[in-house]
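*Asks:* Listed below are the residues making up each chain.
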Amino acid sequence: MHADVDVIVVGGGHAGTEAALAAARTGARTLLLTQNIETLGQMSCNPAIGGIGKSHLVREVDALGGAMALAADQAGIHFRILNSRKGPAVRATRAQADRQLYKAAIRHMLENQAGLSIFQQAVEDLIIEGDEIRGVVTHMGLEIRAKSVVLTVGTFLGGIVHVGMDSHPGGRMGDAPSNALADRLREMQFAVDRLKTGTPPRIDGSTIDYEDLESQPGDEPRPVMSYLSGPEDHPEQVSCHITHTNERTHEIIRAGLDRSPLYAGVIEGVGPRYCPSIEDKVVRFADKSSHQIFIEPEGLQTNEIYPNGISTSLPYDVQVELVRSIKGFENAHITRPGYAIEYDFFEPRELCPSLETKHVKGLFFAGQINGTTGYEEAAAQGLIAGLNAARRVQGKDFWAPKRNEAYIGVLIDDLITLGTREPYRMFTSRAEYRLTLRQDNADRRLTEMGRELGLVDDRRWRRYSEKCEQIESLEGELSQRFVLPGDNDIEVMLGQALSRENTLIDLLKRPEVNITDLVGVVSIAFTDTEVLEQVEIDCKYEGYIARQTEEIARIKAHQEMPLPQSLDYTEVKGLSNEVVQKLDQVRPATLGQASRISGVTPAAISLLMIFLKKTKKGSLQKTA
Amino acid sequence: MSSDGPSYSQDTIAAVATAPGRGGVGIVRVSGPGISTIARSVIGHLPKPRYASLVRFLGDDGTALDQGLALYFKGPDSFTGEDVLELQGHGGPVVLDMLLKRIVGLGARIAEPGEFSKRAFLNDKLDLTQAEAIADLISSGTAQAARSAMRSLEGRFSDLIAELLATVIEVRVFVEAAIDFPDEEVDYLGDDRVEKQLSDIRRRLKDVISEANLGALLSEGASVVLLGKPNAGKSSLMNRLTGRETSIVTHIPGTTRDIVGDIFQLDGIPLRLIDTAGIRRTGDAIETEGVRRAVAASEQADLVIAVVDASLDKPQQKLDLEELEAASGAGMVIVSNKIDLAGAGAYEGIAVSAKTGEGMEALKTNLKKHLGVDGSTESGFTARTRHVNALEQALAAVDKGHGELTRNGAGELLAEELRFCQRHLEEITGEFSADDLLGEIFSTFCIGK
Ligand SMILES: Nc1nc2c(ncn2[C@@H]2O[C@H](COP(=O)(O)OP(=O)(O)OP(=O)(O)O)[C@@H](O)[C@H]2O)c(=O)[nH]1
Ligand SMILES: [Mg+2]
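Here the protein sequences come in this chain order: L and R. Here our numbering is used: the first residue of the first sequence is 1, the next is one more, and so on. Here our numbering is used: the first residue of the second sequence is 1, the next is one more, and so on.
Be careful, since some hints might not be right.
Stated by the list, open to error - Partial pick of chain L residues on the chain R-facing surface, computed with a CB cut under 7 Å: (1) 81; (2) 186; (3) 428; (4) 494; (5) 495; (6) 497; (7) 509; (8) 510; (9) 552; (10) 553; (11) 554; (12) 573; (13) 574; (14) 617.
Read the hints as simulated data drawn from the structure, not as lab findings. As the structure is a prediction and not an experimental result, all values here were calculated from the model. Ideal placement from N, C-alpha and C gives every residue a C-beta, glycine not left out.
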């Protein structure tokens, strides 16, 4: 027997890590169970963190006290800002990470988290009494009791690996899939579906000829991931390289298609449209004579590289030939063949916004098990699931950010409302409040709430409070100081004469004025670039943000109106059968969620509102 | 949360609350938190609650659009439980339209069918027993609004909107792809294709707006078809309603052999009234074609007036009526004609005499009710205002986005404006596509690593 705990987190990947840390930080006695302690914090796919939409998630996890951004800063060997020439709302940060450093950073944080213990045990069964979770059973037959359990064992549940026409059961290449638990879950009433994804062959970098390849150095000044980090936290930096496929590569691929499991119809899972295999690209976009490949270093201590852009499940001999047809790869040695993997996920529409399953109370799902892909998506869910698992034990209401508060909110709401048919990845175009949900202001959106929830420690809180004070004081100063026509320095900066008296903030609203020049000219001594950036963005986006804020306020009341889980939609007068069916399938938690189910019309929402009001009035009259 | 529940509406809604009739009194009703701003702008002050005052309704340039009564009810002591302003003017549909537009320009939006009642109910202004009726109003009103929207949108208009929508989505695909996949060598925002496409959308939007404003694309209102057996008095009724000798009347059954249309004002609302050949089997090829056309016209109609000869015996009337029911392609108002004749008796429906004019008021009232122009549901007129308004907002969004891109290089703001543009166009078509832009992006570009 193992001593009882409050929260058990099963799985030590990116979701499990954040779940365990979040639960422990709020004071729950937490136990992290992993098949293998050595794989804690492992990056099973490409060694990059962040990217468009994804760095937004990473920063949000960071603003809520999570680990991912800090680890990325300690392990990042190449940092870039994407979309740097576009507006701040769509800018994103991407880091190449050294796998070993990343794992070490995560493991360090896990091992040093108060209230969290780690135990190497594979979980084979769940203890469920009635419709409530009570704990887990490990492969040793050990029963461990807990009030909440978070399952993050999604990495390739029931996985089948395909290389050419050969296939075998497997998790990430090399690891055993967690099949005993998967079988157990499938026996319960959870709906299961299948997805597919792929990886490229890995290559020994010392066999690559970089001479004629385009080199892509990291950005300077060097960006950071965490609100708490600085560039001094980064290890040594390296460059990435870019190469391309060519007509010959494509010929080789076409010639090998008859032995592709994808094209021979062996694979049934749905793959991500945004991450097609190279054979897919060549077939679907036959007119393109070349595709880009990013050569990503896997770490400082290894020569292995990850050729991002040629994920494939073609047979090994074709892989060798196609790789060697690529410029710079003429003599390349493949260290690990590429493969496609099919795996199970559970219908995420069977989850509540807290990520608790609707079928089993106290059981939470996070990460790939819910149909998502990506470390960042996993981490975001892990944090929310871990937090709510702990809050459940503590008898507190669940919390999850809303769509207008965070990409995490968009992610969860999309999953539980729309479900997914391909591995779900975040994009900024999924967020209707994109101008408000920026990676630069994740702390201003979430850190206060994080503090209230017990996720944010003193150090982060102090840092955040100072930043806010500075923003306020700078904004105050800029809106109170006037410049008059004839002010020489200002007019030189503007390149034209002032026609009337202006506040500095008015000047900043002009598209051609940037804040660094402005504070320089009027000699305001502000050096914190983060503060300057916030003030500038607030000012330039003012009109748009006001409009979004208004829209959010306008629909808030009905967005948040709860819908009882027991509601019988056939009783709601006027709803079409189709709408009833859709509502019944998703069983939305709020009216807002209902309105986002495709096919649920504004009129249907009105009818629901009338119905709820009627029911409420009816019960009030009865009790009166 | 108080026991009243939250106040559900943070926005202000407006609609023409009575039948928009030429010459009659028209009321524009406004409800919501924006009342005081709107009142101050349109009538210069916020009137004293519950007192009618005679005022001028001012346009945005300060000139008077109309004059009439203003009535202000302060929430919660109002019909909806919110602040309510009612403006009663004397102007016809055009003036009411301008007034409504003016109010929309001040931040209100045009109410959905049943929305005033919905708010009243949610704010405890109506009792429980009325819930059903409101639910009915919302579902039938929505169907009705869709119908009037269809009616106000002639084929060409809806085609134009559909094409515009497709173009906007196409541009969005490129813009969003440039934002979400910057590594992919598709720098659409940087090349001049986007400029061209935006100018094209603007030009087309402007054209549609001016045409819609001229009414060129909007049909003249509902169509009402007269259907009956030969000699029932359809042509006589047509002439009685229009006040003109449009259709030939003789005592010979089978006089009318083709479709005869005329415009008819129902309290100022234009309707298309269509006379048809009497339904019967005949060896005459011309008349047979006429009957076919009659049935076809009924299928296009908003409403059918089934004319039965009340001078026939009742079993015959019943048979005739059953035949009409089978032939008609739309909902029917039943009229028993020739009630002036000795021994005549209506088997069913509104008893009238095309000859003496008896029963015509009852018929008109009934028509108004069935066409949804008695103020209880949305008319084609409101639908048109709503559409023009949506088009104007769509254009404003494109203009703004275009400016953001060219002046500031702000692709993300262009993206935001295009999203709004699409939403406004979808208000017209009534089809809100789930945002499947990503799907379009993936099928357009070879994206991903
Ligand atoms: N007394 C009386 N006679 C009527 C009335 N309405 C029509 N009639 C007479 O009925 C005859 C047929 O009238 P029409 O209006 O031509 O009838 P219809 O239904 O158009 O006939 P077809 O065009 O032949 O199908 C004419 O002689 C009319 O004068 C009525 O209300 N009272
Ligand atoms: Mg006739």
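*Asks:* Can you list which hints this structure breaks, lowest number first?
*Replies:* 1, 2, 4, 5, 6, 7, 8 and 9
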